[in-house]
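S.K.: Based on the hints, put chain G in the right spot on chain F.
Taken in order, these protein sequences are the chains called F and G.
Per my numbering, residue -15 is the first one in the first sequence, and the count goes up by one each step.
Per my numbering, residue -15 is the first one in the second sequence, and the count goes up by one each step.
Incorrect hints may have been included.
For identical chains, the list gives no copy identity; a pair is met inside one copy or between any two copies.
Listed below are the simulated DSS-like cross-link pairs for lysine-lysine, each with C-alpha atoms no more than 30 Å apart in a straight line [stated by the list, open to error]:
id : residue 1 : residue 2
1  : Lys29     : Lys211
2  : Lys105    : Lys238
3  : Lys105    : Lys45
4  : Lys44     : Lys29
5  : Lys38     : Lys238
6  : Lys105    : Lys44
7  : Lys38     : Lys49
Please keep in mind that the hints were generated in silico from the structure rather than gathered at the bench.
Protein chains: 2
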Amino acid sequence: MARRGRNGCCNVLHLNEDNSRFLLLALVLIGYMMFGALLFHLLEKEAEERARQKYLNCLKKFRQKYLNIINETDLIELLYEYGNATANGVISGTDRWDLPGSFYFVATVVSTIGFGMTTPKSISGRMIVIIYGFLGCSGGILFFNLFLERIITLLAYIMRRYHERKIKRDNQRRDSLYNNRRESCVSVDDRLDMNWKPSVYWVMLVLATFTVLIAVSASAVYSVVEKWSYFDCIYFCFVAFSTIGFGDLVTSQKNSGLDPCNSYIYRIVNFVFIALGCCCIYSLFNVTSIVIKQFLNLLIKKLNFRCKCWRKHKAPVLTQVARSRRNALTPNHLRSYAHSGHKTVKVSVAADSSDVDSTYDSDSERRNSNEMICMKDVIKTNKVSLAILQKELYESAQRSRCYRSPAILLPSKTTTDDFNTGTVGPLAIVSKKLGEEND
Amino acid sequence: MARRGRNGCCNVLHLNEDNSRFLLLALVLIGYMMFGALLFHLLEKEAEERARQKYLNCLKKFRQKYLNIINETDLIELLYEYGNATANGVISGTDRWDLPGSFYFVATVVSTIGFGMTTPKSISGRMIVIIYGFLGCSGGILFFNLFLERIITLLAYIMRRYHERKIKRDNQRRDSLYNNRRESCVSVDDRLDMNWKPSVYWVMLVLATFTVLIAVSASAVYSVVEKWSYFDCIYFCFVAFSTIGFGDLVTSQKNSGLDPCNSYIYRIVNFVFIALGCCCIYSLFNVTSIVIKQFLNLLIKKLNFRCKCWRKHKAPVLTQVARSRRNALTPNHLRSYAHSGHKTVKVSVAADSSDVDSTYDSDSERRNSNEMICMKDVIKTNKVSLAILQKELYESAQRSRCYRSPAILLPSKTTTDDFNTGTVGPLAIVSKKLGEEND
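So here's chain F without its partners, still in its complex pose (with noise of 0.2 Å):
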């Protein structure tokens, strides 16, 4: 990636690169917006026309059914105090704040979806409103973080799992082939090992097929008991599970003519699809914003955004050391994978250590005291290859911890299962940069 340039309009406007995209993206949403405000207001205008001549003709039949027989004060009264009812929900003959209708309420707020077919209407409900929201809602988007952490490693975790598979009868027939089986198993194995990671590609698909089938399971239930179209059922699963929740749809609001029992059990299989599909859309929405964060840094570039993110006169000189150093990092029966754009840097340090686990009687001492010349080279030389070997060390130990044998798993759980944890989620962002009390 052209991150050195010194002629871009990043530099030209001392921006670095994270502020740079940043600022693209707002300029982006708010391009979008307008795009979408144009679209719907094409779309929907003539709808709105409609609706309102519909009433606009049936109050005038009205009043001249009725012309001087009533008062147009009493008339206005009555359609302002019906309009007041259908808005508390008031009209529908259920009740909406029983027990049950409580807590679909409190859960939409925890969930942020906020349909709004519920709100508090005293003073005392809305404080409460605030101080309990607050507390729910940061649990709510905890909930979530931990939920995409949870599926992400689920499916990455299969995906490494078969692909190494794949790859493993791959080589198992080229070894038949060249009979020379010890080695290039071996070697293409570290590779692989070292490079492979799910493309967000497939996990967006994997995430895309959960929700839909989600969605398409829940439009079933709610076509029947609440009597929408099929159609409706799909836009109001897309409408809440992405928390938007506009409230023109909202399910278990009438009386659906189930028993109570059923009733019952219809609001918790609702519960629970709502749920499922938040979460779902909320790991899909966030799978896709990389898609989307790769979209912006091509751009940057397109753009010739060529951001200042080091100062000028060091640079240079830097990057040269960087470069020729790093193939130091690794003997030579190593393969270093330095990879300057988007991609982290990647070494195979991990496999090195698995390596000397596996064949430790043997040559070991070897490997590592190869190993520590490097380092200690490297270290002499310059601290810039301290930073790259901090980070690939880093990396290499990440992943091994993923899809190791045990010898090499148990180790790493052993230190890195807070940090697994925290580097996670925007939770990442804080825990990384604060420090945490109170444990």
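M.R.: Frame of chain F; chain G shown alone:
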């Protein structure tokens, strides 16, 4: 933290700590929601009943007055149409699907606020909301996460600067007292650089102050223009900023009596307030969720949730080794802060590398060789320590990047710029675990 016990509930259920924390949070949230349901049921039940009675009384009065004059079906039809018109927002007189109104609608989709004052009625409109919202919400989440990352970085930087200045002042005072300037200054500085992070609670306080300031000034504007009570404005601010968006109170919906020019300015001010408020409260929620996570960890500890984080038969041996070797990582002039609790393990390796820089010619040879011997030792004896070393090296690199002198700052910038943005937000999970293409 007790993570190696063998009699805890986690072990019985075969859960690791991450999973048990996730499940515990789910349980706590459900408990919290049940409590909330009861609370709001008690608070709002009466108001609901009152609202219903008020409407029914009005209807009864109207019916009694016009008994035998008005055809009941006509009245019901009128009320039904009126209800629809209210729901569609066509009563207020102002267009809701004009361009600014559409923009407002789209902004509530992208931010997932979803007031629902305007919702698409046509099938095509609803279909497009799904497609448009999918991209828009992803972009919105990315925006919030990038904002979170920016604000936390800024706050941590400012707080660290302030703290360092304070420490330096203290040191100078003490040094002038003890007349032993050079030595004590270096050691104390190093120790603080390595260990000090701004407290979660301070950042929470600062963010809460920001949010309250925005809400207070926004409410001052709203209470004048919308003619709501000041408290209602505060309530609206909370509901909008937290992206709950009930829609019981929505700005810019009535004809406020502003002239067209002021009306546009008001819309823009409204947009800026809501955007800023959403970003701030999102950050606040995320920081608060860290505190909730700490509470959960405490709860796990209290409940004797001793987790099966590694396999039983190897665990004790490995810990022993890890413990006994840990001291070997750093020569005795560097301090090792091995903290096995929720705080991450901190060893001052970066301090060493910066020391090497400042005193390079004099004694770097000795230090490097010292370090090398230790590392070699460690790797030879057990890989456990390598995992610890990896983490320590990485952490010190991360920390040194934030506030070290340029000489140290630049090299790490070289390699960890992607890393920095990639390890932040929920993006962290995804970009760490998944391969990113197209870059």
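S.K.: If a hint holds in the structure, say so; if it does not, say that too.
M.R.: Evaluation of the provided hints:
1. Proximity of Lys29 to Lys211 under the C-alpha cut-off of 30 Å is found in both arrangements, the shortest distances being 27 Å within a copy and 28 Å between copies.
2. Taking CA atoms no more than 30 Å apart as the test, Lys105 paired with Lys238 passes in both settings, with 21 Å inside one copy and 20 Å between copies.
3. Taking the shortest Cα distances, Lys105 and Lys45 sit within 30 Å of each other only across copies (25 Å), while inside one copy they are farther apart (35 Å).
4. For a Cα distance limit of 30 Å, the shortest separation of Lys44 from Lys29 inside one copy, 22 Å, qualifies, whereas the shortest one across copies, 37 Å, does not.
5. Proximity of Lys38 to Lys238 under the C-alpha cut-off of 30 Å is found in both arrangements, the shortest distances being 24 Å within a copy and 21 Å between copies.
6. With identical chains, the CA atoms of Lys105 and Lys44 are at most 30 Å apart between copies only, with a shortest distance of 24 Å across copies and 33 Å within one.
7. Taking the shortest alpha-carbon separations for Lys38 and Lys49, both the intra-copy value of 17 Å and the inter-copy value of 27 Å come in at or below 30 Å.
The earlier numbered hints are all upheld by this structure, with none contradicted.
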